[in-house]
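**Q** Chains as they are written, first to last, in the working numbering: chain U, 1 to 173; chain L, 1001 to 1317; chain V, 2001 to 2159.
It should be emphasised that the hints constitute simulated quantities derived from the structure, not laboratory data. Careful, some of the hints might be misleading.
[To be verified] Selected chain L positions facing chain V (in silico; Cβ < 10 Å): (1) Gly1036; (2) Met1038; (3) Leu1192; (4) Trp1279; (5) Ile1303.
[To be verified] Beyond 10 Å from chain V on every Cβ pair, some chain L residues (computed): (6) Ser1012; (7) Leu1022; (8) Phe1049; (9) Met1094; (10) Glu1106; (11) Ile1153; (12) Ala1166; (13) Phe1185; (14) Ala1212; (15) Phe1259; (16) Tyr1271; (17) Arg1286; (18) Leu1315.
Note that beta-carbon positions come from the ideal geometry of N, C-alpha and C, so glycine has one too.
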Amino acid sequence: MDNFIFKVYYLSFAIVLAQTAAGGVLAVAAKNLIHCFLGMVVALIGVAGLYYHLGSPFIALMQVMIYVGAVCVAIAFGLSLTRKAGEEGLKPLTPIALIPVVLPAGMLAATLKGLSHLEKTGIPRKLDESAIGWHLLGKYLFPFEIISVLLTMAVIGAVSVALIRRREQNGNI
Amino acid sequence: MKDINLLHIIISLLGIMGIVSLNAVLVVWLERKTAGRMQFRHGPMEVGFHGILQTLADGIKLVSKQLVAPNHADTALFILAPVVSLVPIFVAMMPIPFSSTMLAHETDTGLLLVIALGLLNTLGILLAGWGSDNKYGLLGGTRAVGQILAYKIPLLLTVLTIVIMAGSFSLREIALAQHGIWYAFIQPIAFLVYIVCIVLETNRSPFDMAEAESELVAGFHTEYSGMAFSMFFLAEYSYMFVASALATVMFLGGWQGPFLPAPIWFVLKVYFFLFLMIWFRWTFPRVRIDQMLMLGWKVLLPISLINFLITAVVLAL
Amino acid sequence: MITNYVHEIVKGTGSLLAGMKVTIKAMFSRTHTVQWPRQYLVLPERFRGHIELVPAKTTGFPKCFACGNCARTCPSKCITVKGKKPEGAKKKSPTVFLLDFTKCSLCGLCVESCPVKAITFSKDYSLAGALKDDFSNMDLLSKLASPFSSHVKKEESDG
Chain U
1 MDNFIFKVYY LSFAIVLAQT AAGGVLAVAA KNLIHCFLGM VVALIGVAGL
51 YYHLGSPFIA LMQVMIYVGA VCVAIAFGLS LTRKAGEEGL KPLTPIALIP
101 VVLPAGMLAA TLKGLSHLEK TGIPRKLDES AIGWHLLGKY LFPFEIISVL
151 LTMAVIGAVS VALIRRREQN GNI
Chain L
1001 MKDINLLHII ISLLGIMGIV SLNAVLVVWL ERKTAGRMQF RHGPMEVGFH
1051 GILQTLADGI KLVSKQLVAP NHADTALFIL APVVSLVPIF VAMMPIPFSS
1101 TMLAHETDTG LLLVIALGLL NTLGILLAGW GSDNKYGLLG GTRAVGQILA
1151 YKIPLLLTVL TIVIMAGSFS LREIALAQHG IWYAFIQPIA FLVYIVCIVL
1201 ETNRSPFDMA EAESELVAGF HTEYSGMAFS MFFLAEYSYM FVASALATVM
1251 FLGGWQGPFL PAPIWFVLKV YFFLFLMIWF RWTFPRVRID QMLMLGWKVL
1301 LPISLINFLI TAVVLAL
Chain V
2001 MITNYVHEIV KGTGSLLAGM KVTIKAMFSR THTVQWPRQY LVLPERFRGH
2051 IELVPAKTTG FPKCFACGNC ARTCPSKCIT VKGKKPEGAK KKSPTVFLLD
2101 FTKCSLCGLC VESCPVKAIT FSKDYSLAGA LKDDFSNMDL LSKLASPFSS
2151 HVKKEESDG
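Kindly generate the complete structure, drawing on both the sequences and the hints.
**A** Printed below as a string of structure tokens:
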């Protein structure tokens, strides 16, 4: 029975991994803008699946809720305001295109190197979610606050940009 | 990971499929019947006792019809959209507790699961609108997306209010926390905001901007026929069921009640909410999209935020 | 400003509830429709359906004596009347009385012009038919008893 569970786990992990990769490829390579969007959604749901397999359903659901539910929907809202654009296809690559390849690869390598001394287990243990909350409001309170200040600044910035444009349009009201 | 039980999963999925289809049949019948009676008509009367099998007959008719994709439609998206709309339901139904033991999948994060997957419905609507190469469809899809941005934050704040009161994301725990008194009485404002939000979430009148018949023909499913159309239909009524089940758990104490067995209480409470939504639909005229956005951003958001803050402060004291 | 805001919300909610009260009351009141092919509505006295012939109370034959006033008065020329004397009778009796209901505008001039009030409005509102002939040649005599034997009537309509 234990063997069977391992097999199911590995199989579903492989499926989720393939889904994430396929979504990523679709997001980059598709000619149609909405297909790119769909690829992104597929990849993000795949990432949520990876979180789930790594023992944190909470993070997985947050991933679905925030990235698929909020970010993608906001992007979709932007997409629907464009003209029927994005069918011109891929542009030829320039050397600058190397940056988004090399940078995350370096980050990933650094992370893996940092974690390499940890011991390996077969199937990940499910974590206790409340620990996340305690850590965020305890040990990591400062970064947490910094991020919230950053987000507040972004919101205020967005509102002020919108207001300035409206003011310019409406004269000097 | 250790508690994978194949038999349990299969039985639960079969049960969920049963609930999805039976619920759609019943609610569509209830809706048509209510609509009829509210307009001094009889509603369906011919098929079965007082027309109760009418939906089944309509369903069989729909399944036997051809799905026609428009010439310039994006066929892949066109076929995918109803699937995207319907499939998350089967997962979202898993953590819903029909009684303290009768649930498909016990999880600590049930509430989040249901809400996160509830969002995918909008994705299906958007893809349908975009894929069918129809201006009405596209407008309907766009409106659905605009709508989700307006109501999601108040909805989440309301849910969070309940979560900090119960101290858990688990639907079972939340229901058990209301053993003494229902949260509907402790949190009347959250209750009202949530009711408005579930009407918004399920794209129902007076907020059915995505399929406004008088302006957009049928909105996002203008081009759909046959089985694909009935999948959208199933999805809509199943989302209504899920949203009502969530309301039952969060505000009406879930399955708890005297005399009757727990699952019956649960279904009764869910159908109370479903009836409420049907009642709204046949009473209120559709609002304009700007009025809906005003409601979302200027009324629901501040109210739910203040309610959340007050609750947090009171709990902290 | 803030009181205005709250007042607006409370007032709005109140009006929504008022609307919901109306519909729930309607839901539990009597329906105004009936299950049509099996049940019929009782129509008011002054309902104006297509015209029909009034039978005489004593005989059950049509009161009409085929004067043709109605056919002449009709602005749409949609009534056809033919008549002759049955054996041993003083007055004529109609042998053919056809209404072309596709042209009729239900103006009622025929009813008014009839000297013996032999025409009236029917209360028949269930007028479904598969053929145009069901309406363009409505045989108003068919519902009444006839002073002629059946072969005479047939001969007349053929000729």
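**Q** If a hint holds in the structure, say so; if it does not, say that too.
**A** The hints, checked one at a time:
no.: 1; hint: Gly1036; in the structure: holds (8 Å)
no.: 2; hint: Met1038; in the structure: holds (5 Å)
no.: 3; hint: Leu1192; in the structure: holds (8 Å)
no.: 4; hint: Trp1279; in the structure: holds (6 Å)
no.: 5; hint: Ile1303; in the structure: holds (8 Å)
no.: 6; hint: Ser1012; in the structure: holds (36 Å)
no.: 7; hint: Leu1022; in the structure: holds (24 Å)
no.: 8; hint: Phe1049; in the structure: holds (14 Å)
no.: 9; hint: Met1094; in the structure: holds (34 Å)
no.: 10; hint: Glu1106; in the structure: holds (37 Å)
no.: 11; hint: Ile1153; in the structure: holds (18 Å)
no.: 12; hint: Ala1166; in the structure: holds (27 Å)
no.: 13; hint: Phe1185; in the structure: holds (18 Å)
no.: 14; hint: Ala1212; in the structure: holds (19 Å)
no.: 15; hint: Phe1259; in the structure: holds (25 Å)
no.: 16; hint: Tyr1271; in the structure: holds (15 Å)
no.: 17; hint: Arg1286; in the structure: holds (14 Å)
no.: 18; hint: Leu1315; in the structure: holds (24 Å)
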